[in-house]
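S.K.: Fit chain B to the supplied structure of chain L, relying on the hints for placement.
2 protein chains.
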Amino acid sequence: MVAEFDLINKYFAPLAAEGAADLQDDAATFSLPEGRDCVVTKDMLVAGVHFFQDDNPADIAFKAVAVNVSDLVAKGAHPVGYCLGLGLSGDEDDSWLAAFAGGLKAAADAFQIELYGGDTVKCPGQLTLSVTAFGDLAANMIVRRSGAKVGDLIYVTGCIGSAALGLLARQGKIAPHRSFEQSYARPQPKLEVISLIRDFAGASADVSDGLVADAAHIAQASGVGAYIHGNLVPVTAAARAAVRDKPDLLETVLTGGDDYEVVFTVAPHSAVEMEACAASLDLSVSHIGEITSDQRIFVADQDGNEISLANTGFCHF
Amino acid sequence: MVAEFDLINKYFAPLAAEGAADLQDDAATFSLPEGRDCVVTKDMLVAGVHFFQDDNPADIAFKAVAVNVSDLVAKGAHPVGYCLGLGLSGDEDDSWLAAFAGGLKAAADAFQIELYGGDTVKCPGQLTLSVTAFGDLAANMIVRRSGAKVGDLIYVTGCIGSAALGLLARQGKIAPHRSFEQSYARPQPKLEVISLIRDFAGASADVSDGLVADAAHIAQASGVGAYIHGNLVPVTAAARAAVRDKPDLLETVLTGGDDYEVVFTVAPHSAVEMEACAASLDLSVSHIGEITSDQRIFVADQDGNEISLANTGFCHF
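Protein chains in written order, with the numbering used here: chain L, 12 to 328; chain B, 12 to 328.
Looking at chain L on its own, in the form it has when it is part of the complex (with noise of 0.2 Å):
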């Protein structure tokens, strides 16, 4: 096993940011323009729970990140950096620990964030990572969920589905396709959404826990309704023939999570707009349902009955 300095100074240490010492210290430090927020968020993935022991330890890095940066994204903030949290379970060698620290660099030069320190210690059996990143954004702009009013428009960005699906073929319960398993062991929160959900989203979240889940946390922070046109729901090529062969998958693409698009709001009169400036942006974004007065969440078929869903969302325990 290797030694916690060592392991710091020979894998994480290259990927330090300016103001954390090399990480041969006990705190970093960060300064923001005047004027800017820090925006911190937290996730916690645990082996068995979020990702399998034996799940390329690149990927499991790279998700690692990610999923923090998509809470950043879906607030309208820029990532800054992140403080890692690695609890080793004791099965991890040298080989893993440098494949873990690839993901990590990938990451970092994906989302344009750097690492600020963290904590190794042993987790005996569970391999536990918990990642803390921040933000900045202008102050008092955050994109909150509770920002939602009656007649706004519901969009989404991407596609929603793959991951889901990824996580049951990786489980053997359907076929495998690579876009599915991209989709789960890579996701993509996009650097580009977050002008978008600044200048245009009155809430937004982003889908970790499944597209109905996320809109109904939207619904219920801000105290309404959501109406969710099922056929709009934007899927993949694969994701939809997947659906066509099994219809049951239906509920794993609207329900199953862990995509880390975006669902957000938009007021009517600015949804040309919006969906221009995406258009610019070269970002895909889907107008999906409506924001309502009645305080629930319906979900739609294409004949306007609603779709019987027996879960919807990851409930963590």
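A few of these clues could be false.
Copies of the same chain look alike in the list, so a pair counts if it works inside one copy or between any two.
[As the list claims (entries may be wrong)] Mimicking BS3-like on lysine-lysine, the simulated pairs with C-alpha atoms at most 30 Å apart in a straight line are:
| hint | residue 1 | residue 2 |
| --- | --- | --- |
| 1 | K133 | K116 |
| 2 | K116 | K21 |
| 3 | K184 | K133 |
No wet-lab data here; the hints were simulated from the structure.
M.R.: What follows is chain B alone, placed relative to chain L:
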């Protein structure tokens, strides 16, 4: 088992900072006045490694916050807030969670630090806490481990060794003593130390791995050595009595760690002023050694002979 949202609403939302939107969102915001740096630090604690699963839940919570505050204090930074990653083993019931939240509240009051968010997940069989704390200090004024100079005096705050003796007592290896238990269960970093470190310390670290190891971290980061007078290391009367009865315990005192005091260096010409300032703050500080040029740590007994130490500090692997 309590559902995640209920758990947040019931136990954690009352602890939330103003910028944390009652913990109903994916992220929280805070701002610092102009000219201040944000300081971040992270410590992870795992049941069976850093504490006992059956420790008092209020103590577990208090300590998880305190050990992070200790890092901020040692860097000369004022605590602002923290994020909590809580990996529940599944054995924690409602009364456990209530007591745990009570410990967080006690830490918030003691250290003037607010909850900004976090994540609650399943960590089957192994309670795991991950705290990221952030503080603030004047721009570019962080006190690093690397600022020690040959000839500087080495000081430590408070008393050393009681927490390590508390762990031995907890394990039934030595006779229990209330002061040992208290030091182990409820470390008390002192906010008054912040200004002392800021105004006088050349280099500084909190005593978590053990006094000798943490002094060695300073020496190593500064490219110097340290001479520590073992007989000048401050201990409580109870610890002194324990060592008198069982001389082997001297090593426990010097290397056991978990003290969450601060070891720091002071230029000789500032020592008198620093001691007067400490006295005015009602802080106990002890001169325990000097920074040397020979790039090693020498721990001397009262006759100047080297005390041989098998373990020089807590190793995580």
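S.K.: Take the hints in turn and mark each one as holding or not.
M.R.: Going through the hints against the structure:
In this assembly of identical chains, the alpha carbons of K133 and K116 lie at most 30 Å apart whether taken from the same copy (23 Å) or from different copies (27 Å). Taking the shortest alpha-carbon separations for K116 and K21, only the intra-copy value of 13 Å comes in at or below 30 Å, while the best inter-copy value is 38 Å. In this assembly of identical chains, K184 and K133 lie within 30 Å of each other by CA distance solely across copies; the values are 23 Å between and 33 Å within a copy.
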